[in-house]
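On the provided structure of chain U, position chains B and F as indicated by the hints.
Here is how the chains run, residue by residue.
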Amino acid sequence: MSAVDHAPHEHVVLTSEGDQELKPRSALGPAELLREVGSVLRMSEAEAAELTVEEADPSEDQTMIINMGPQHPSTHGVLRLMLELQGERVLRCKPIVGYLHTGMEKQGEELTYLQGGTNVTRMDYASPLANELVFSMAVEKLLGIDGDIPERAVWMRMLLSEINRMASHLLFLATNGLDLGAVSMILYGWREREEVLRFLQKVTGLRMNHNFIRPGGLAADMPAGWRDDVLRLLDLITPRLEEYDILLTGQPIWRERLQGVGVITPQEALALGVTGPILRSTGFAWDLRRDQPYLHYDEMEFDVVVGSYGDCFDRYAIRLNEVRESMRIVRQILDRMPAGDYRIQDKKITPPPRARIDESMEALIHHFKIFTEGFRVPEGEVYVAVESPRGEIGCYIVSDGTARPYRMHIRAPSFVNLQALPHMMRGGLIADGVAIISSVDPILGEVDR
Amino acid sequence: MGIKEMMDEGMAGLDHNIITGRLEDLVKWARARSSWPATFGLACCAIEMMGAGAAHYDLARFGMEVFRASPRQADIMIVAGRVSQKMAPVLRQVYDQMAEPKWVISMGVCASSGGMFNNYAIVQGVDQVVPVDVYTPGCPPSPETLIHSITTLHTLIQNGEIMRRRGETGRGADVLVEDVPASTSVPVSLTR
Amino acid sequence: MPDDPTDAQRAEGDTTAPAPGVAEVHGCPTSESRGQLVVHPSPEEYLALLRALLDDGYHVCVDLCAVDYLTSESARRLPDGVGAERFEVVVNLLDMAARRRIRVRVQVPEADAVLPSTFELWPGTEAMEREVFDMFGISFEGHPDLTRILMPEDWVGHPLRKDYAVGRIPVQFSPGHADPVAGSPGQLP
Numbered sequence: 003m004s005a006v007d008h009a010p011h012e013h014v015v016l017t018s019e020g021d022q023e024l025k026p027r028s029a030l031g032p033a034e035l036l037r038e039v040g041s042v043l044r045m046s047e048a049e050a051a052e053l054t055v056e057e058a059d060p061s062e063d064q065t066m067i068i069n070m071g072p073q074h075p076s077t078h079g080v081l082r083l084m085l086e087l088q089g090e091r092v093l094r095c096k097p098i099v100g101y102l103h104t105g106m107e108k109q110g111e112e113l114t115y116l117q118g119g120t121n122v123t124r125m126d127y128a129s130p131l132a133n134e135l136v137f138s139m140a141v142e143k144l145l146g147i148d149g150d151i152p153e154r155a156v157w158m159r160m161l162l163s164e165i166n167r168m169a170s171h172l173l174f175l176a177t178n179g180l181d182l183g184a185v186s187m188i189l190y191g192w193r194e195r196e197e198v199l200r201f202l203q204k205v206t207g208l209r210m211n212h213n214f215i216r217p218g219g220l221a222a223d224m225p226a227g228w229r230d231d232v233l234r235l236l237d238l239i240t241p242r243l244e245e246y247d248i249l250l251t252g253q254p255i256w257r258e259r260l261q262g263v264g265v266i267t268p269q270e271a272l273a274l275g276v277t278g279p280i281l282r283s284t285g286f287a288w289d290l291r292r293d294q295p296y297l298h299y300d301e302m303e304f305d306v307v308v309g310s311y312g313d314c315f316d317r318y319a320i321r322l323n324e325v326r327e328s329m330r331i332v333r334q335i336l337d338r339m340p341a342g343d344y345r346i347q348d349k350k351i352t353p354p355p356r357a358r359i360d361e362s363m364e365a366l367i368h369h370f371k372i373f374t375e376g377f378r379v380p381e382g383e384v385y386v387a388v389e390s391p392r393g394e395i396g397c398y399i400v401s402d403g404t405a406r407p408y409r410m411h412i413r414a415p416s417f418v419n420l421q422a423l424p425h426m427m428r429g430g431l432i433a434d435g436v437a438i439i440s441s442v443d444p445i446l447g448e449v450d451r
Numbered sequence: 492m493g494i495k496e497m498m499d500e501g502m503a504g505l506d507h508n509i510i511t512g513r514l515e516d517l518v519k520w521a522r523a524r525s526s527w528p529a530t531f532g533l534a535c536c537a538i539e540m541m542g543a544g545a546a547h548y549d550l551a552r553f554g555m556e557v558f559r560a561s562p563r564q565a566d567i568m569i570v571a572g573r574v575s576q577k578m579a580p581v582l583r584q585v586y587d588q589m590a591e592p593k594w595v596i597s598m599g600v601c602a603s604s605g606g607m608f609n610n611y612a613i614v615q616g617v618d619q620v621v622p623v624d625v626y627t628p629g630c631p632p633s634p635e636t637l638i639h640s641i642t643t644l645h646t647l648i649q650n651g652e653i654m655r656r657r658g659e660t661g662r663g664a665d666v667l668v669e670d671v672p673a674s675t676s677v678p679v680s681l682t683r
Numbered sequence: 027m028p029d030d031p032t033d034a035q036r037a038e039g040d041t042t043a044p045a046p047g048v049a050e051v052h053g054c055p056t057s058e059s060r061g062q063l064v065v066h067p068s069p070e071e072y073l074a075l076l077r078a079l080l081d082d083g084y085h086v087c088v089d090l091c092a093v094d095y096l097t098s099e100s101a102r103r104l105p106d107g108v109g110a111e112r113f114e115v116v117v118n119l120l121d122m123a124a125r126r127r128i129r130v131r132v133q134v135p136e137a138d139a140v141l142p143s144t145f146e147l148w149p150g151t152e153a154m155e156r157e158v159f160d161m162f163g164i165s166f167e168g169h170p171d172l173t174r175i176l177m178p179e180d181w182v183g184h185p186l187r188k189d190y191a192v193g194r195i196p197v198q199f200s201p202g203h204a205d206p207v208a209g210s211p212g213q214l215p
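Protein chains in written order, with my numbering: chain U, 3 to 451; chain B, 492 to 683; chain F, 27 to 215.
This is chain U alone, in the form it adopts within the complex (with noise of 0.2 Å):
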C-alpha cells in the first residue's frame, strides 16, 4: 500500500479549480454577481428591481461557501456545485463542471466519419442513439445524400429514437425518484428499462452506446420478430407508468417537494438557450419533432407535452407523459413501417454485405477502403438539430474534403441547461436544490464531452 498520506488542506489544494469556483461576494465584480445570483439580463427594469442582492442576503460572515460534489450520490454524474447558503437558503449557485471532459471534439477529428458514431454515441450516454442520429444526419446533409435515405432506414430511426426517449425518460423517473426519497423508484424505473435495453441488445446487438444509426443508414436491418417485441414492451409499460402515476403523481409527498420549486419562466428560459422538458415547462410549446420536424415526425400523431407553473412537477408529468407520447409514436411507426433496404445502396459510403466481400473483388475493396480510409465527405459546414430527450442536440461539422471531419462540434442540451440551474435555486432549500439538479436531468457526458 502506497504510503503517501496526504494532510487535508493538501487535498484541498489539489483539488481546487482557482478562478473557477464560487468566490466570496466581496470579489465580484457586479455583472458576475448579478450572474451568479442567477438573474438574467434582459430583463426589464421591474423585474431587475425585484432582485436586489444588497439588501436582502445577509453579510458575507453570516453565510458559508460549500461544496457539492463531483462526487456525490445527488448530482447526476460529475458535477460539482458551491453555494453559498445561509442556514439551509442557498442565496448563490455556481456549478463547475470538466469532470468529465472526454475530448470527444479532438478527438473527433481524428476518426473518420464511419467511427464518428462511436465517439458521439458516448457523449450523452443516457439517450445515445440521438447523439448518432444527429451526428448521422450531419453527415448525410454534407454529403448530400440527406434526400436519398431509404424509407425503412427512416422508419426504423424513428422507431429506435422514441424508444430511446422512453428508455431515458424511465431513466429519469428512477433517478427522480432516488434523490427524493422514492427508493423505491429506481428499481421500479429501471425494471421497465431493463426491458427496452434487451430490445435494443436485440436490434442493435449493445445495450448502450449502440453504434447503430449511421450515416447512409443503420448498421443492421431489424431482427425476426421485433414486432412482437416491440408489442410486448408497449404493454407492459403502459400499465407501469400508471403505477407510477398512483406512487407519485398524486402522492402529498411528492407534491409537496417538487410543486413550487425550481420555478422559471419561459423568458428567462429563452434567454438563456434552454430547450427541451424545462423549457415546455414554463408553457411554452417547442419541440422540433413538431416545429422543425425530421425523419417522418411531421406525419405523425402525438401531442407535445407543456407544463404551466415551471417548476420541478411540471418537468416530472412533462417527462413521464413523453413516455406515452412516445409509445403512441411507436404504435403509428408499426402500422407504417416499410420494407425495404435499412441504408443507402450507395458503393462509396456503404458497406458491402459481408457475404458479397467474398465473391466481389470490388466490394472487397469498397469495404477495405471504407473502414481503413474512410469515405470522404465534400467540404463545407453544416448544422443539424434534432430533439433529444433532454432539448436540443445540434452537430455542426466542418469538412475540409478528407475523411476525417476539420471540426466536429456538438451542441449539447445539458450544457446549456446547467446555466438555468442558479436561477432555479436561488432562494430554495438546499434539498429542494437536489429536486432540481434531478429536474434539469443532466448528463454530464454531453455538458464535458
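Derived from the structure by calculation, the hints contain no laboratory data. Just so we're clear, the structure is a prediction, and the values are computed from it rather than from any experiment. Certain hints may be false.
As the list claims (entries may be wrong) - Here are a few chain B residues that sit away from chain F, every Cβ distance over 10 Å (derived from the structure):
1. G512
2. R513
3. D516
4. A521
5. A551
6. F553
7. E556
8. R559
9. P562
10. A612
11. I638
12. T643
13. T646
14. Q649
15. V671
Said to hold, decoys possible - Across the chosen pairs, the derived CB separations fall in these ranges:
16. P295(U) / Y190(F): 46 to 52 Å
17. A49(F) / A29(U): 45 to 51 Å
18. R292(U) / D180(F): 42 to 48 Å
19. R563(B) / G193(F): 37 to 43 Å
20. E244(U) / D121(F): 35 to 41 Å
21. T42(F) / A222(U): 36 to 42 Å
22. E669(B) / D230(U): 28 to 34 Å
Glycine included, each C-beta is placed from N, C-alpha and C at the ideal position.
Same frame as chain U, but now just chains B and F:
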C-alpha cells in the same frame, strides 16, 4: 508474530493457532459477503453499474446494494467511467479517505486503460492514480461482467490473496476478468 | 439517384456566396451553406449585427462555437470582401416564431483574438463563450466570468487549436505510483 505484523496485515499477520485461524476465516468471509461499494460512477459505466444494482441483476444478493456516498463507510471503490485530468485528484482524495481494508475495481475500458479516448483529456488507466485490484473489460461492461469481477474480488478477499499481494508490491491485485456476454433470454413474465 | 456519384458532383452548387436572393443582411455579406443562410460580419460589425438579428426575432442563441482554420484553407468558402483569418466564431441563432435559423460567422485574427461578448444579448452564451475561451483562447470583452470551464484551472494551452496535439499527455496527478501505463500512444487510424 508481533505487534508490527498485526498492525500491517491485521489478523493475517499473526501466527495463527486453531482459534484465531478460524476467527480470521470468519472475518474474511464476512468482509467478502458484505463489502460496500463507494459511489464513483462517472460516465456510461455508471449507468450499467446502477443497472447491476437494480432488481434484475441485483447486487444485493452479494451484499453490495448499499452504495455508500461516504468513503469512510465504503470498502470497494468501483471506478465506473472515464477519469479526466480534472477528476484525477478527486479520485485520489476519495480513495485516500476510504478506510482499510479497501479494494478498487476498475470498471470498463476507460478506467482500465483510457479506452477509446487516447488523448490529452483522459487519464490512461486509473491505475496511474490508485492501485487497482480487478480490471473489468467492456464498453460498457454488461452488468453480468461487473458481477463477474465483483465475485472474483470476493473470492480473492475470502482467500486472503489480496491482502498478501498488497503487502508485497504496494500495488493492487491486477486481476483481469473476461467479458461475459450479456444474456438475451426472454424475460420471465412479470404478470401478477 | 446516380449510380456512383463522385465527390465533385456532390460538391457542386452546395455553397454559394452571396446567398440566392439575399445579398446582404444588415449590411453584412452573406453566403449559403447546404440550404442555410450564413452572414459574415467583420469583428467590428459583429455585435451590432447580432443586436439587429435579436431585434428581428432571433430570440434564442442556440450555439456559439469556434473553428481553427490553421491547417486547411480549402475547408471554407467566403464571400468576396471577407478576409479569411485563422479563427472563426460561429453563432447559430433560432427564431422560434418564424421557425427559421441563421448562422453568423465572424473571422477572428490570431494576433488579436478578442470579440465582444454576447452575454448582454443572450445570457445563455455565457457558458458557450467560456468554452470557446478554454478550447481556443479567444477572449470575449464584457463577459462577466471569463475563466476556463472544461480544463483544470492551471492547464496550459488551448486544446482544440490545430497546433495542439491530440496525443497522450502524462497524467498530471501521480502520487508516487511506479510505472506509467506501458504501450505506445499512437494515433487512431
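Any Cβ of chain F at or closer than 10 Å to I638(B), or is the non-interface label fine? The claim stands: I638(B) keeps its Cβ more than 10 Å from every Cβ of chain F (closest is about 26 Å).
Requested in this report: Evaluate the given range 36 to 42 Å for the C-beta pair formed by T42(F) and A222(U).
Outcome: holds, 38 Å
* Taking the minimum C-beta separation from A612(B) to chain F, is that value above 10 Å? -> violated, 7 Å
inquiry  = Using Cβ atoms and 10 Å as the threshold, tell me whether V671(B) really stays out of contact range of chain F.
reply    = Non-interface label on V671(B) holds, nearest chain F Cβ at 25 Å vs cutoff 10 Å.
- Task: Verify that the Cβ of G512(B) lies farther than 10 Å from every Cβ atom of chain F, and report whether the claim holds or is violated.
- Result: Holds, because the least Cβ-Cβ distance between G512(B) and chain F comes to about 34 Å, which exceeds 10 Å.
Could you check the hint for me, namely that E244(U) and D121(F) are 35 to 41 Å apart, CB to CB? Since E244(U) and D121(F) have Cβ atoms about 40 Å apart, the given range 35 to 41 Å holds.
Check the following: the C-beta atoms of A49(F) and A29(U) are separated by a distance inside 45 to 51 Å.
This hint holds: roughly 49 Å between Cβ atoms.
Check the non-interface label on P562(B): least C-beta distance to chain F beyond 10 Å or not.
-> holds, 16 Å
message = Over 10 Å from every CB of chain F: does A551(B) meet that, or does the non-interface label fail?
response = holds, 34 Å
Distal placement of E556(B) relative to chain F, Cβ over 10 Å: Given a closest Cβ separation of 31 Å, the condition holds.
(message) Looking only at beta-carbon atoms, does the pair P295(U), Y190(F) fall within the given range of 46 to 52 Å?
(response) violated, 39 Å
Range agreement (Cβ of D180(F) with Cβ of R292(U), hint 42 to 48 Å) = With a Cβ separation near 46 Å, R292(U) and D180(F) satisfy 42 to 48 Å, so the hint holds.
The structure fails to meet hints 10 and 16 from the earlier list, while all remaining hints are met.
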